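Dock chains B, C and D against the given chain A, drawing on the hints supplied.
Protein chains in written order, with the numbering used here: chain A, 263 to 677; chain B, 7 to 249; chain C, 843 to 1148; chain D, 5 to 310.
Heads up, some of the hints might be wrong.
As the list claims (entries may be wrong) - Calculated pairs, DMTMM-like style, for lysine to aspartate or glutamate (alpha carbon to alpha carbon, straight line, at most 20 Å):
no., chain 1, residue 1, chain 2, residue 2
1, A, K521, A, E478
2, A, K458, C, E1025
3, B, K99, C, D1026
4, A, K363, C, E869
5, B, K99, C, E1025
6, A, K338, A, E599
Think of the hints as simulated: they come from the structure by calculation, not from any bench.
All of these numbers come straight from a predicted model, not from anything done at the bench.
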Amino acid sequence: MIGRMAAAFAAGLMLATPVLAADPPAEIKIGTLYASSGRYASISMPVHSALKLWVEQKNAEGGVYVKAFDKKVPIKLVAYDDQSNTATASTLYNQLITQDKVDLLVADSGSVLTAPAVAIARDHKMFLFDQTGTGASFFSKDNPYIALMADPVSTIWPKPVADFLTHDGPALGIKKIALLYSTNEFTGTQANAVRKFIKESGAPVEIVYDQGVPTETTNYTVIINNIRAKKPDAVIHLGYAPNDIAFLRNVNEVGVKFKWMFSIYAGLETELLEKNVGVKGLQYVYTYVPPSELDYPVNFGMKMPEFRALWNKTFPDGKVEFGFNAVAGYTTALVIEKTLSVATSLDQMELRRAVFSLSGQLKTLDGTFALDETGGQIGELTPLGQLVPNEHGHLKFVAVYPHEVATGKPVYPRP
Amino acid sequence: MSPEPTPILRAEGLVKRFGGFYALGGLTFHVAPGEILGLVGPNGSGKTTAINVISGLYAPDGGSVTFEGRAIGGLSSHRLVHLGINRTFQVPKPFLSLTVRQNIEVALAYGRSAAAPPSMESLLEEYRLADVADRPAQDLNNVQQKTLDLARALATGPRLLLLDELAAGLNPTELDWMAGRIKSLARSGMAIIVVEHLMGFIEQITDRVIVMNAGKEIFEGTLAVAVKVPEVIEVFLGGEHAA
Amino acid sequence: MPSAIRHLLFIVVPLLVVFAILPGVYENHLMLFNFVVFLILAQGVNVIYGFTGYLPFGYVGFFGSGAYGFAMMVMHAHASAPVAVIAAGLAGMLIGLLLTPLLRLSGAYFAIANLASSLAVLHFVANPALEDITRGPYGVSLTATFNPEAAYWAALVVLALTLGVVVYLKNSRFGLALQAVREDPVSAGMAGVNVVRMRVAAWLASALIAGLAGGVYAWYVSVFFPDNVFSGTFSIFAIVFALFGGVATIIGPIVGVLILYGVYNLIGFTTPQYFQLIYGLLIMGLVLFLPAGLVSLVTRRGRHVP
Amino acid sequence: MLVYALVAGLLFGLYFSLVGIGLNLVFGVMRIVNLAHGDFLMLGAFIAVGVSALAALDPLFAVPLAFVVFVLVGLVLYRLLVPRLQGSVNPEMLSIILFFGLSQVIEALTTIAFGTSERSIDSSELGAILAPLRTALFGGDADGPVELFGQSFPASWAISATVSVIAIGLVYVYLYRTRLGTLTRAVMSRRDEAFATGINVDRVSAAAFGIGLGLAAVAGVFAPFMFGSVTPAFGEDATVTSFAVVVLGSLGNPLGTALGGVVYGISYMLVQTYLSSWADLLPYVLLILILLLRPSGLLGRRVRVA
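The following block holds chain A by itself, in its conformation from the complex (with noise of 0.2 Å):
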C-alpha cells in the first residue's frame, strides 16, 4: 500500500517538473480547417491546398527554423474539414486549440468560417492567422488576438479602382458610373468604399446606377439591360467569383458593349475564370493585378514562377484552382514561417509581437506585408489593371494604376 502510494507520488512529481524552455518539441503544431464542401469550398479548397504544400516542402527539409528553440522543428499540421457549417467550426477551433493543443492557430478562409474563430481564438487568448477573413467587425482595438494575412481589408482594397475613375477618368470621357454588387460582407463593404471614394472626390463623375444584388444572383441578363438604359461611361461589378463569372457571360451573350467594366475576379482568379467565361468575355476587363503578375521583389519564400510550377507539379488534376487564394495560402504560410524564425517563444503574445515586427518587412510574392493597429491588412494591395490580349490571344495583364506601377495605358473604351 505504501509502495503504491509512493509510486504515485513519484509519478505526480513527474508530471509537475515543468519542461525545460530550450527542449524543442518533436513538432511545432499548426492547426486549420477547410471546406471540402459546401457553399464556401471553391474558396476554401486552394488557400487549404497551398498551406498544405508549403508544410510538406518545409518537413521536405527537415522543418522551419524555430528561433525559440534555434534550430529546424518539424510541423504536424492538423486539419479537420467544417464543411462550410459553422456550428461545426466553432467546435473543431475549440477542438484544435484545447485538444490537439496545436501552437499556432489558422483560420478557415473567407469571412463567414472565419467568424467563429475570432471569439474562440480570443476567449482562449491564442493569436489568429486569419487568412482571407476580411470582415471589419473582427478588427478592433480593445482584441490583440488575430491579424489579416493575405486580402487587404476590404475598405481600402478598392481604392485604385475609385482613384482611377475619379483622377483618370474624367480625361478619358468617363462621367457616369454605374455600381453593381453582391450583399454580402465582402464585397458590399468594398461597394461602399468605394461610394465614399468617389462622392469624397469631388470629381466631376456622378454614380447613376448603385444596386446591390443577393449573392446567390447567378443571372444578370435584366441587370444588364437595366445598367445598359441609364448609359453609364463605366461599370463596377463586385461580386464573387460565380457572380463574376455569370455576370461576364450574360454582357457577353447579351451582346452589350460596356465602355468600361471592372470585375475583382477576372483577375484574382484569371484562370478560373478564363475557363467559364472565355477568353473572349475577358478581354479588356479591369481588374486587381494579382501579385501572380507583377513579379513583387520578394524577400522571403518562393517567387511566383517557383510558387506557380511547383503548385501545378503538386496538383496536376486540376482540381483545386490556382489562383489568388492559392497565393493568399502560401502568403500566410510564409508570414507564419517568418513569425516562427524571429519569435522567441511559442508564447501567443510573442508571436502576435513576432507578426507585427514583420509589418512593413516582410516582402513575399503577394507583396509588402503591412499590419494597421488592429491586425487589419494594409499592404498587398493590387493596383487597377486592364486585360489585354496579346498577338497569340492570350490574355495578359496590363497595369493602368497607380501610374508608378503602371505597365501601359488603359485602352478605352472597350473595343
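Just chains B, C and D now, with coordinates in the frame of chain A:
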C-alpha cells in the same frame, strides 16, 4: 303513444354542396331525447354527410341546425362536443399509437361533459375493453376499434350521439350485444341517430326512420311502414331492405 | 412516485449534472456547448414534430431570429445578456406567431413552407437595406457581452426548461391531447380537444425553445453573420438527431444527440476527408433501417420508453 | 425595361418549368419529397461539361445521354430506396430526411471526383450544331445574341427555353396519350384507390421516378448556361427554387408547372428590375403566399389543408 317530447336537435332545409354536387339538398328532420332515429337510404343519399355536418366536420351551406334551441351550424367539433354532441365513425378513427386507456382519457379530460361522465373503469368494463386497456389502439381488431370509438364518444357525456355504421362487421352475438347497449343509452335519455345499412339492426333498435334519397328526406315514420311505401321501394330497387 | 418526478430524477437531473461537470473535465467547451444546443434543438423539434406531427424543416428560422433578437437587444438597447436571451426567446416566438397560418398546411407542404419561411427570414435579416437594424450582411460583433462561461450555464438553464416542457408533455393530459391531435385531428376534435389551439400552443413553445437556444448561441459565439445562425444544418441536425433517437419520448432525442452528434464529431476528428459522405450514408441508413428511431428497438418488444 | 424584363422572365421561367417538372412528377405520384432533386440537376450539368470537354460535342448531345442515364439511375434508386421507405409509418416525412441524406452523398461523391471549382461551358458551343439553321432563319451572327421584340437576349436562353417547351410537351404526351401515362395520372389523383383497382402502382411509380430524375438531369444540361457555372454544392439552392416553381403551379399537373415556372420567372425578373436587392426573398415569399392563399396552386384542384 305518448305525445312527442321536445326535440333536442332540429335540422331545417340543410344544404351541403361539394363543388356543383348537392350532397344535402334541403334536409329537414328532428330527434328527441331518448329517441333512436334511423337514417337510411342508398349509397350517396347523404346520410354520412348529414352526420358530418351535425358533428361539425363540415359547415352547412344553407339551412339551419339547432341543438337545444341553439343554432350550431358551422361550430367546430370540439365546441359541439362540449355542448353535448358526439359521434362514431364508419371507419373507426382511434388514436392508433396511444393505448386504449389513453384514448378514453383524452376524451374524459377534454370532453367537458355537463353531466357526470362515466368512469374510465366502467367504460372499459361495459365495452369489453378492459383486457386490452393498456395495448396501443393499433393492435385492436376492427370491432374493438369500433367499440373504442363509441367508448371515447361516451366519455364526453353526450346528449346526442351519432352512430355511423356501427353494426357493419359485427357478428350476430355482437350485434345483439350492441343493440342492447344502444337501447340502454337511449333509455338513459340520450338522443341517438343511427346511420345503418343492416335493416335488421335498424328494425331492432329504432323508434323511427328517415329515408333519404339524393340529399333529401323522402319518408318519415317506422321502418315497418316505410317498406310499404312505393317511393321508398323504388329508391332501394329491391336492394338492401331485403337483407 | 409519480412518473413525472421519476422522469425528472432519473433522466433530466443526471443529464444536467453530467453537462455541468464535464467542462471541468473536458476542455473542448465549444463541443460541449454545441452538444447542449443540439439537445435543446432536438427536444424543440420533439415538441412540435413528436407531439403534433408537424415537421419543422425550417426550424433554424426561430434559432436565427433568436440570435438576431439577442444581437439587436445588445446593440440597440444595450441590454444585459440574460435579458437579451429572454428577448431572443420572444423573437423566436414572434416569428412563430407570424407563421401560425402555416399550420393550416399538412404533411410535406408544411415542411416545405416552413423551410421557405426560414430562408425568407434569413434573406430579410441579411438585406443591406436593414443595415442600421441588423447590420445586414456585414455581421454582428458583440464584444460587450462576451462571456462564454456564463453563456454555457445559460444554455444549461435553457436545456433544463426545455426538458421540463417535454417531461410535462409526456406526463400530462395536455401532452396526451397533443398526441391525439397528431394521430387524428378529426377524432381529437370529437374528444373535445381544441385542435387549433393545441397546435398553436405546441408551435409557439417549440419556437420559444429555438429562440432561446439562438440567444445563448449568439451570446457564446459573439461574432457571426446571417449565414452562420440561419444555416440549414441546424434544422437538419436537430431533426435527424430527434428522429434517430425516437420522437414523442423524453429519452429518444437525448440518446439521438449523444450518439449521432458524438459520431459526427468523431468522424470530423478522425476521417475529415469522408465527412459528408459517411454522414449522408448514415442518415440514409437510419431512415431505411430504423425509421422509428432507436427507441423502437425497445418498444418493438412491448416495453414502454419514457 | 419592362418589356425586357417580361421577355427575359418568360425565357427564364420556361427553363424553370423544366427544372421543376421532374420534382412534380415524383411528388405527385409517390408523395416523396425529393430533396436531392437539385443534385440530379447538378449531375446533369457535369454530364454536359464532360460531353463538351471530353468529346468536344455540342452540349445538346448531352440531353439524350443525361436523360437515359438518369432514367436508369432512377429505376435502380427506386428499387433500392422506395419500397423500404413506403413500408414505414410516415413515408412522406421520412422521405425528406432520406433524400437529404442522398443529396449529401451525391455532393460528397461529386466533390471527391471533380473537386470544388466552378465549371462551365462556353456559351457559343450550345446549339452550335443548329447554327446553320439559325442563320438561315434569323440571319445575323451565328454565335451572337438572339433578337426578340427588338431586344437582344443570350442565345443559350432561347435554346434552353425551347428545349424546355419540347420536354414539357413530351411529358404532356406521355401523361395524356400513353397507357402508362394515363395510369400515372390515376395514381396521382387517387393513390389509395389506384391500389384497389389493381393498377400496378409500383411499376407506374418506378417509371415516374426514373422520368423525374431524367428530366432533372436534362434541365441540368442547361444549368451552366442559365447559372453561369456549377459546383457540386449547386444542388441545394436549385432544390428550393424547384419547390417554389412546383408549388406555384400545382402538383400532378405538368401544365401547372409550366405556368408556375413562367410566373416565377417573370416575377423574379420584375423584382430584379425594380427592387433588385430583395430578389432572393421572392421565391420563398411567393411559395408561402401561394400555399396559404391558394393551397392547390394556380391550376390545382386538390385540397392540401390539414
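Checked hints:
1. K521/A <-> E478/A: 27 Å, violated
2. K458/A <-> E1025/C: Violated. K458/A to E1025/C sits at ~60 Å, over the 20 Å cutoff.
3. K99/B <-> D1026/C: 7 Å, holds
4. K363/A <-> E869/C: 10 Å, holds
5. K99/B <-> E1025/C: 9 Å, holds
6. K338/A <-> E599/A: 13 Å, holds
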